[in-house]
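Between the sequences and the hints, there should be enough to build the whole structure, so can you do that?
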Amino acid sequence: MKKKINSMKEWFFRILPLILIANFFFIIIYYSITYPAQKTLEEMLITIEPIFLTVNFALIIISLSLSLKDIKKVLKTVKKSTWIILFLILLMGFILRMYFTPHTHRVYFDEDIYLDIGKEILTERKACLCNYGDHKGCYECILMKWPNGHPFTFAIAFLFFGISEVVAHNLSVLLGTLSILLLFLVGYLISKKVEIGLYSALLFAFVPMIVVWSGTVAAEPFFIFYTLLAVFSFLLMIETDKWNTNLLAASSVAFASQFKAESGAVIALIALIMFLFDEKFKMRTKSTRFLISYLILFVLITPYVIHVYHSSKTDPWGSSGKKFGFDYVIKNAAENALFWIKGYDTIEHPFVFTVFAIIGLIYVAIKERKISIFLGLWFLIFFTIYAFFYAGSVRYGTDVRYSLSGYPPFVLLGGFGLYFIHKLLMKKIRKEMLIFALLIFVVMLTFYFYLPSVSTPAEKIVEANQARIYHDRFVEYASKLDKNCYIMSHVPSMYLILDIGSLQTWNGQNENIMKELFEKTDCVIFDDGFWCNIEPYKSSVCKYMFDKYNMTELTSVAVDEGRHSYTLYKVSNPY
Numbered sequence: 000m001k002k003k004i005n006s007m008k009e010w011f012f013r014i015l016p017l018i019l020i021a022n023f024f025f026i027i028i029y030y031s032i033t034y035p036a037q038k039t040l041e042e043m044l045i046t047i048e049p050i051f052l053t054v055n056f057a058l059i060i061i062s063l064s065l066s067l068k069d070i071k072k073v074l075k076t077v078k079k080s081t082w083i084i085l086f087l088i089l090l091m092g093f094i095l096r097m098y099f100t101p102h103t104h105r106v107y108f109d110e111d112i113y114l115d116i117g118k119e120i121l122t123e124r125k126a127c128l129c130n131y132g133d134h135k136g137c138y139e140c141i142l143m144k145w146p147n148g149h150p151f152t153f154a155i156a157f158l159f160f161g162i163s164e165v166v167a168h169n170l171s172v173l174l175g176t177l178s179i180l181l182l183f184l185v186g187y188l189i190s191k192k193v194e195i196g197l198y199s200a201l202l203f204a205f206v207p208m209i210v211v212w213s214g215t216v217a218a219e220p221f222f223i224f225y226t227l228l229a230v231f232s233f234l235l236m237i238e239t240d241k242w243n244t245n246l247l248a249a250s251s252v253a254f255a256s257q258f259k260a261e262s263g264a265v266i267a268l269i270a271l272i273m274f275l276f277d278e279k280f281k282m283r284t285k286s287t288r289f290l291i292s293y294l295i296l297f298v299l300i301t302p303y304v305i306h307v308y309h310s311s312k313t314d315p316w317g318s319s320g321k322k323f324g325f326d327y328v329i330k331n332a333a334e335n336a337l338f339w340i341k342g343y344d345t346i347e348h349p350f351v352f353t354v355f356a357i358i359g360l361i362y363v364a365i366k367e368r369k370i371s372i373f374l375g376l377w378f379l380i381f382f383t384i385y386a387f388f389y390a391g392s393v394r395y396g397t398d399v400r401y402s403l404s405g406y407p408p409f410v411l412l413g414g415f416g417l418y419f420i421h422k423l424l425m426k427k428i429r430k431e432m433l434i435f436a437l438l439i440f441v442v443m444l445t446f447y448f449y450l451p452s453v454s455t456p457a458e459k460i461v462e463a464n465q466a467r468i469y470h471d472r473f474v475e476y477a478s479k480l481d482k483n484c485y486i487m488s489h490v491p492s493m494y495l496i497l498d499i500g501s502l503q504t505w506n507g508q509n510e511n512i513m514k515e516l517f518e519k520t521d522c523v524i525f526d527d528g529f530w531c532n533i534e535p536y537k538s539s540v541c542k543y544m545f546d547k548y549n550m551t552e553l554t555s556v557a558v559d560e561g562r563h564s565y566t567l568y569k570v571s572n573p574y
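Using numbering that gives the first Met the number 0, the first residue of the sequence shown is number 0, and each one after it goes up by one.
Read the hints as simulated data drawn from the structure, not as lab findings. Some hints could be false.
Unchecked claim - Okay, derived cross-link-like pairs now, DSS-like style, lysine-lysine, Cα gap no bigger than 25 Å in a straight line: (1) Lys542 <-> Lys569; (2) Lys479 <-> Lys519; (3) Lys38 <-> Lys322; (4) Lys191 <-> Lys281; (5) Lys519 <-> Lys135; (6) Lys281 <-> Lys369; (7) Lys341 <-> Lys330; (8) Lys191 <-> Lys369; (9) Lys68 <-> Lys279; (10) Lys71 <-> Lys191; (11) Lys426 <-> Lys366; (12) Lys369 <-> Lys422; (13) Lys322 <-> Lys79; (14) Lys241 <-> Lys71.
Have a look at this one:
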């Protein structure tokens with residue numbers, strides 16, 4: 000009994016530093032969200048988030064560079080033939096993402112907002128959405144509800160390759176392709192079998208919804224990449240336990256946590272890894288390098304926690320009622336479960352892949368119970384979060400994107416399933432490369448039946464068709480305008496990314512701003528577009544523009560069989 004008490008005391012003192020760090024962290028957060036006025040808090044977040052994200056990203060790059068030798072050491076037993084097969088899988092995945100699926104938006108108009116925030120982070124050093132700006136700068140910037148890890152990633156790409164939507168789409172393709180590589184690494188590290196890594200990477204390369212969304216600039220494909228980087232980094236840390244790998248693990252988890260409001264769940268996922276796979280966890284709590292890494296993690300996510308808490312209190316997140324609740328669970332869980340079995344007509348998921356995953360789950364449950372628990376809970380963490388969310392059903396608009404977070408554990412289970420089939424075939428065929436070729440062919444053949452959907456041209460995509468027509472037509476027109484033009488729009492971010500001046504339509508009711516605008520330029524354009532066909536905007540700010548100003552039509556496009564039209568007008572100076 001005395002020995003047991005001493006053991007408990009020893010364990011308590013080991014984790015005491017962790018408890019103290021966590022308490023200090025929560026005190027800072029409590030003070031930040033309790034005492035400052037709302038505007039003060041928002042201005043603080045707008046300013047400090049880019050700084051924290053810059054430090055975080057720099058730590059990832061530095062620690063990853065320092066960890067390359069450790070990564071090579073962990074992978075030293077991987078044969079050249081494996082790397083060749085993996086390269087071919089990566090090449091096929093890249094080609095599908097770059098050339099087959101259309102590069103278009105699917106979440107209107109959030110994707111434009113992400114791009115503009117990325118632009119403002121780079122040019123203004125502020126994590127905010129610009130509501131009035133031009134090529135000289137932003138004059139009105141507001142905090143958005145989302146964390147800023149995703150726009151910050153665009154800011155990095157814009158820094159090196161210039162500010163454009165093309166750069167953002169190419170970045171999405173690149174990270175989508177690198178996610179295939181990370182699936183291989185994670186699959187290999189948790190199983191110590193290259194076959195499982197290869198089959199996991201193969202399945203991920205050919206998941207229809209993953210390929211489709213890699214053609215967007217939505218947050219989900221980026222979140223998958225950084226989640227996989229975080230999981231890989233922690234598995235690497237467990238293998239090596241060095242300063243650099245501890246730092247890589249902490250910084251990658253901190254960064255992955257800042258892509259979406261719910262992405263903080265990555266921390267729970269990492270805790271699961273430590274609990275299940277880290278046999279030296281008790282000893283690790285004594286380690287200075289672990290404690291410092293743990294401290295860095297908490298410091299880096301402080302703005303994220305404050306931001307999400309603040310947004311949860313001040314933003315409706317598109318809901319007129321409850322954002323989360325048991326009322327949504329039955330419907331969302333049922334519809335989402337059916338998606339994972341066979342998909343739906345316009346949001347497709349291969350049933351064959353589900354069969355592989357079920358086989359894999361049974362196999363690991365028998366052979367590697369810890370792995371089955373880890374992958375099962377990884378999947379369930381995000382499945383459960385979205386089941387409680389009012390817009391969490393895959394059939395709610397374009398919210399199938401929320402299902403993407405479940406694909407990494409799903410394809411890892413599928414990798415185990417294909418490995419089991421591989422072993423069965425080895426008993427009869429006994430030619431490993433032939434078996435690889437056969438199973439790769441089966442996966443590619445399965446994907447072939449979904450290729451028409453994956454490669455549907457942007458103009459023929461049914462979802463958000465009217466918004467897409469409006470966006471693409473007006474962006475094309477605006478790209479040819481003189482740089483001294485200003486477009487009054489409900490979505491200024493569409494034009495600001497082109498370096499065209501733009502401001503919110505409601506400024507048309509502000510005589511001082513309009514006088515100032517006409518002093519700057521004689522090229523003022525009114526965007527009577529998507530939002531001006533919807534109440535309350537149609538009969539308020541948009542109607543005011545027609546009542547107040549004389550306007551001349553520049554270009555127009557009809558949608559919905561002519562029932563609606565979107566038009567750009569040149570506004571005459573009334574002053």
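Q: Compare the structure with the hints numbered earlier in the document and write down the numbers of the violated ones, lowest to highest.
A: Violated: hint 13 alone.
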